[in-house]
Structures are given as C-alpha cells and as structure tokens.
Amino acid sequence: MFVSISDILYYFYKQKHLYMKQLSSTFYLFFLMVCFLSFFSSCEVDKEFLDAKDSGKQMKRQISFQKFKQEIGKVSFGNQLSISAAGTGRTLEEFEIDTTLVKALETDKVVYTMKLEPKFEVADGKFYNLVVYKDNFDEIIKNIIEIHPQSELLGNTEPEIGTYLENSLKEIIYSSRLAPVEAPLCVAVDYQYLCYCGNHREGFCEGYCAAGFRWVPVLISVYCTSGGGESIPDEGYGGSSGDNGENFMLDPVLPSFDDVTPCQQISLLMQPYNANMKPKIQVLGEYTSNNSSSEFGFEFSKNSSGEFYNSPVVSSLTTGNIVKTRVGGDFYAAGHNHTPEIISIFSWSDIFMFFTLYDKAASYNKDDVTYFLVAKNCFTCAENNVYALKVDNFTQLRNKINSTLNNSNTMGMSFSQKIQYAESYYMEKFKSDMNQSQLESVFLEYFNNFGFSIYKANPELTNWSKLSLSGNPISPVVSNPCN
Amino acid sequence: MKTIILLLAITLAITCNSQIINLKDLDGSRITNAYYKDVDNELNQFEGTYQYTNGDDELTIVLKKFENSNIADYAEDLLTGELKYKKNGVVLFDNLSKINDNLPNKYFHDICGNTLITNGARPICNDCLPNQWRARLIFFGRSNNDNGGSIVLKKYIENGVEKLKVFIQYIALPVDINDPDPLPVLIPGSQYFELTRIF
Chain A
1 MFVSISDILY
11 YFYKQKHLYM
21 KQLSSTFYLF
31 FLMVCFLSFF
41 SSCEVDKEFL
51 DAKDSGKQMK
61 RQISFQKFKQ
71 EIGKVSFGNQ
81 LSISAAGTGR
91 TLEEFEIDTT
101 LVKALETDKV
111 VYTMKLEPKF
121 EVADGKFYNL
131 VVYKDNFDEI
141 IKNIIEIHPQ
151 SELLGNTEPE
161 IGTYLENSLK
171 EIIYSSRLAP
181 VEAPLCVAVD
191 YQYLCYCGNH
201 REGFCEGYCA
211 AGFRWVPVLI
221 SVYCTSGGGE
231 SIPDEGYGGS
241 SGDNGENFML
251 DPVLPSFDDV
261 TPCQQISLLM
271 QPYNANMKPK
281 IQVLGEYTSN
291 NSSSEFGFEF
301 SKNSSGEFYN
311 SPVVSSLTTG
321 NIVKTRVGGD
331 FYAAGHNHTP
341 EIISIFSWSD
351 IFMFFTLYDK
361 AASYNKDDVT
371 YFLVAKNCFT
381 CAENNVYALK
391 VDNFTQLRNK
401 INSTLNNSNT
411 MGMSFSQKIQ
421 YAESYYMEKF
431 KSDMNQSQLE
441 SVFLEYFNNF
451 GFSIYKANPE
461 LTNWSKLSLS
471 GNPISPVVSN
481 PCN
Chain B
1 MKTIILLLAI
11 TLAITCNSQI
21 INLKDLDGSR
31 ITNAYYKDVD
41 NELNQFEGTY
51 QYTNGDDELT
61 IVLKKFENSN
71 IADYAEDLLT
81 GELKYKKNGV
91 VLFDNLSKIN
101 DNLPNKYFHD
111 ICGNTLITNG
121 ARPICNDCLP
131 NQWRARLIFF
141 GRSNNDNGGS
151 IVLKKYIENG
161 VEKLKVFIQY
171 IALPVDINDP
181 DPLPVLIPGS
191 QYFELTRIF
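If you're matching them up, the sequences are chains A and B in order. All the letters of the first sequence, read from the start, carry residue numbers 1 to 483 under this note's numbering. All the letters of the second sequence, read from the start, carry residue numbers 1 to 199 under this note's numbering.
For the record, the hints were derived by calculation from the structure and aren't laboratory data. Only a predicted model underlies this, so the values are computations on that prediction, with no experimental measurement involved. All C-beta atoms, glycine included, are put in the ideal place defined by N, C-alpha and C.
With a straight-line Cα cutoff of 27 Å, these simulated BS3-like cross-link-like pairs (lysine-lysine) come out: (1) B:37 <-> A:418; (2) B:64 <-> B:98; (3) B:106 <-> A:418; (4) A:400 <-> B:106; (5) B:64 <-> A:418.
Calculated Cβ distances over 10 Å to all of chain B for the following chain A residues: (6) 121; (7) 124; (8) 153; (9) 254.
Label pairs and their in silico Cβ distance ranges: (10) B:31 <-> A:405: 12 to 22 Å; (11) B:181 <-> A:363: 18 to 28 Å; (12) B:177 <-> A:480: 31 to 41 Å; (13) B:198 <-> A:412: 28 to 38 Å; (14) B:57 <-> A:148: 53 to 63 Å.
Bound conformation, chain A alone:
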C-alpha cells in the first residue's frame, strides 16, 4: 500500500500533541526516517499532460513491475515471453522482460511499455519493447515492437531521442490480438512528438515564444490493421483511437547508454550511422585474402560534436612495411592486417599501440577506443579472422605495460628498444606451428589480467563474441556472443 508523504506528516502532526510525551526519542527518529525514505523512494515522476483534455489522467509515469501487474489486474504476469515459430514467419524467439522499469502512458487507454532482453543474438543495435494495454473488451493485449535504429542516439534530450526514434525502423513482430498471422503484423508505425511554448501546446515550434519552445514527450503512435501498411491519419495527437481499437500510443523504453557493453560498442562502430568501420575492415580482409606481402591499415577519428572522419586503407609499402597509426587528438580507432609472414593474432607491439590509442584519446572518445586486426592463419586458408580490442580497466593495462617495459633487463634502453625487447619475449611463445585456437589461447594466457578484452567477429561482421579462457585444456578458448 502506498502512503504519501503528506499522509505521514499529517498523521504525525495530529498525533504529536496527544502522544508526544509518550513517544520515545527512538520512535521519533524512526518516524523521521520513514518520512525521509518515503520521500526518496518514490518511483513516480511528475505527471506531464499532453493536452488540456487530458487533465485528470495519469499521463506519463514510471512505475515498478509490481505496480504494473496490479494495475493491469494480472498478478501472475510472467517475465518470460516467447514468440511461437508457427504462423509468425519468424523463428522461435524468446525474451525476458526487464522488470526494472515500466513506463505507463495514459491517453484513451493506459499503455504500458517495458524493455525486452532478447535471449538470441541481436544484430545492428536492434532493441525490443513489450507493449501491454487493455482493449475495449477489457482483454489484455500484448505487442512486441522491434526498433531498428538507423542513427546514433547522441544524447538524452527530447529532440535527440526524437530524431533517433523517428529515424528508426519500427515493426510490431508479435501481437496477441492478431497472432497467428503472417508477419509483419503491423507496419504502420510512426513517431510523434509535440511542441510546447511554456505550458501551452503549439502545432509547430514556429514563431515567437518568450518561454522558449520545447519538445514533449516521446511517443510512438501505432496504427495496426491485420493487413498492415496503412498510413497514420495526419491528425496529430488525439486521433489515436481507431474503429478497430488497435491504435495506441506508447512511451518507448530505450536502451540505456550505461547498458551498452564494450561488446555492443564494437557492433555500433560497424553501423553506417556510426563510424561505419565495416567497409574498411572488409578492404583489409580482401588484402589479407589475397596474401598481400604488405600490411595495410586505417584510422578513425571523431570530434567533440560526434562527426566521424576516417582515412583510406593505406599500404605500408612506402614506409618499409610499417603501418602508420596516429594517436592523440580525435583519433580513437584503427585497424591493420597481418601478412601471412606474421602471427595471425595481435603482437605485443599491437597491444602497446592499443594502449597508446586509448591513453592519448580525447575524453569524449575513450569509450569508443577500439583496435582491429585482420589476419588469417595460413597462406591457403579461406577465411580471415577479425579481432577487436576494448579496454576494461585502463589503470590495470597501464600498470601491466609499464612493468613489462621497465625492468632490470631494459635499463638503459630507449623506449622503442624496450618495446622490441618485450615483443621478443612475447614471440618466444609462438616458436612453432599453431592453429588459430592455440594462438588465441596463448594470447589470452599472456594478456590475462591486462585490463582489456579481445573480441572476434563472425565472417559477416554482424556479430562479435568475447573470447576468454575456458579452463578446459581440450577446448581452451570459449567464445561468448554479444547480446
């Protein structure tokens, strides 16, 4: 049962004259704590009304999963979902509801949205929302919306989120009302946002507004028909209730920036709307496949405004087969290939390059720092291996690099000589023929606890997996796909 702060204070006010003398100081303190905790533990945000006619409704709220179950009237609402393969045109897909946040949007009906965690590999930054509401017949309707971003989410302001969602492809991949029917169940999905001047809604953010225009809130309007493909009537907010009762507006739950793992960051770098590194890696792959005797490399930079720049893939022939990689400023990512003459895994000097790339990168680029390698394990091997490095703990990496470079053996050596010395020791581990799994295993053992992780791409560069030691001598390397 929810007890508001005012209830507690009023109770306390009434009671204190009668019983104050009887209250022990401990109980008084307990009461203050209850007040304090009640104040800070409230999950509800301020209500935000879209229009004058909406007053009285509980417009936008963020509630707990428990409260959602109470409101929808189904306390047994599970947190696992699966789309049956039959009738949907899709393979069996399973999801788990992220119960940490449920958004509720009340317009003509209350529509609840929550993020779904897929239990399958997700490509291209797609994410999923479960949308739940009760129709006119009080039946609980569940929809799963797949959102496929086509641009990068650059910030958390409403216009930025709006652009992000507007550019995204949105598709209802499952609806409990319409299933089973041929997918897509609903394709007419559009994004809407509203312009406000102060507290007054405006049609467009045009003209003069002393208080300043602002965009509120983020909504997706869905117009579903069994046939799909119809467009949304251009009537703005307020016309969402269609004849068949399938229209609804929702407040999507976006993936949090903080939730993006290093693994997923690499996938993002491949996207055309992000750094679009995939074509560069593919070019490196072509040179590697052709057994080029020269190394090739590329560089990426990004300024503080989020504008990407990249170099062409350049040969190292003119520099005596040394791939030039610049660090500092806006540079934050680079890649190169190894010729068949070199081990098909990162060298020690590659790790030093990666370390310096991160060390010198601008603060706004640190999270995106990635170093790529394309190599194949033999002259006649058909497939290339594509690897990427991401920093987990830079202090740890710095300490390991420093302790390896600076020891009694390297006293008096220049910096570059110390790196050559470290490389020599590392290469002692690769003095015989090794298959790719053995190379990966030796690499992981050597750089264990260096504060970074290595990831490996699938041949299409659409999915990445984190490599780690399994502890099993028969199959020493385990590959965990990014989800």
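Position chain B relative to chain A; hints supplied.
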C-alpha cells in the same frame, strides 16, 4: 674437514641455483638464477660475416655468439650482430666493427637474442630441412633511423657456399599527432635477403 664441508655446501648451493634450461625451451618467461644455454650449439651455425649485394646496394651482417651473458638475475647464451648498409653506392651506416666491443649488456648490439624457432613458426619456412632451427633475434635498428623489430635468420648451403636468408619485420609504433613523423626505415622490411658468407 670443515673445508670439505664448506666446499660441498658451496657446490650444492651453486648447483641448486644454476638450473640449466635449453634455449629451445624458451617460453617467454625467465627463472631467477637459471642459465639459458644453447645446449645443442644451434647458434654457432650463424656466426660469421655475410653479405648481400644488388648493384650499388649492399647489406653486410656480422654475427657473434656470446656464452653465459649475465645482465639480469639469470644468464643466457646470445647471438649478437652488427650491420653495414649501403644504398646506391652510399654507405648509410657501418657498425660492423662494434661487434668486437666488450659491451657488458649484449643487448646494446644492434642485433641480439636467442630465440630458436621451428619450421612452422612465422614466417613459415617451406624450404627448411626437417628439424632445422632458425633464429629469431631482436633488430634494434639504432642506425636504421631507430626503426627496429625482429630479424629471422635461416642458414643453408648452396653449391657448397654458406648462405644466410634474412627476413626483417618492423614494429609499428604509435605516431603522436603532436610529434613529427618518424624517419623512414633504411633497410626494406618484410622481404627476404639472401646473403653469402664472406668471412
């Protein structure tokens, strides 16, 4: 009697603390007080002076083995080397005479190391004899505009003449955008040189 016991104790102490490890078993780690010995004298085959000429270009390498070199808390047998490089008839550097310098730290020679590699190690050797060992050493490249990396040596006999096949692989170092570009390498990398023994 006391002297004998003392001698025995000293001998025992020395024996216990000087574990001998074959260079062929190097694994990227070092054990304190161990002696990393070229048990099968594989490094000996590379000793000598070798020369490659191509028109007005010339690469000369002199290699010398040192035993029981001790700079840290372990000892090791090492193969060291110095180079002379001439391009278009112009001697760009000549450090051959430094091979006889009595350097306390042998790693201050331009070539130094002791890694023995099998035929399957990169760069793979398809024309090596079975069970042949090559050497992979550090090439510091001090006179090569400070561009270095590794140098792989393969010894072979051709028509009764001792030859050395050399492959230099450079290391790429980061280039800070605030620093000037590094000077280019002088000796080309990632290609094989076939040198003939002249001394």
